[in-house]
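Participant: Turn these sequences into a full structure, and let the hints guide you.
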Amino acid sequence: MNKIINRVLGIDYLIAGLCLTILVLVTFVGVIFRYFLNAPLIWEEEIQLMMITWTIYFGAAAAFRKGGHIAIDMVVDLFPAKVQKVFDILIFLVTTGVLLFLMVNGGALVRQFIRTGRMTNILHIPSQFVYLAIPMGCALMLLSNTVYFVRKWFGLEQEGEG
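Just so you know, numbering that gives the first Met the number 0 puts 93 at position 94 of the sequence shown, and the rest follows in order with no gaps.
Do not take every clue at face value.
Taking lysine-lysine pairs in the DSSO-like style, the calculated list, with each CA pair at most 27 angstroms apart, reads [what the hints assert, rightly or not]: (1) K84 with K65; (2) K2 with K81; (3) K151 with K84.
Worth flagging that the hints you see were computed from the coordinates, not collected in a lab.
Facilitator: If you want it as structure tokens, here you go:
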């Protein structure tokens, strides 16, 4: 079971890394074409938008897995260990609620794009493929955050340790 979870969680690194690589390459090629060849690529912005969206949501899922999101532990560390556990539970519940909200509404946005048949202006890519990153990324963030919370709560080894 642990291997399956780790493989599913590894998808975020793969997708975020691939999208970031494509983003950098398209941007680099776009700069070359625009400033050196005086022939701007009209489709560059659409690809950049899609790659940024996918990189952000899947990169965030990878950050959740390691507890790498911005946190201000200084205040929480002032409290006794039992109170810190309560904070951990509250933070987990609020984060889970926000991610569920984003996942549900992101799914509704994707369904709306499917119903309306909306496409990007230049490449005519179905818009649902651009914004599918929202519910998928939030689902992976939920899974990553839950795994991180359970491992932290029970004192299990975190990824990258030991």
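Participant: None of the hints should be skipped; say for each whether it holds.
Facilitator: To see whether the hints hold, each was checked on the structure:
| no. | hint | verdict |
| --- | --- | --- |
| 1 | K84 with K65 | 18 angstroms, holds |
| 2 | K2 with K81 | 32 angstroms, violated |
| 3 | K151 with K84 | 10 angstroms, holds |
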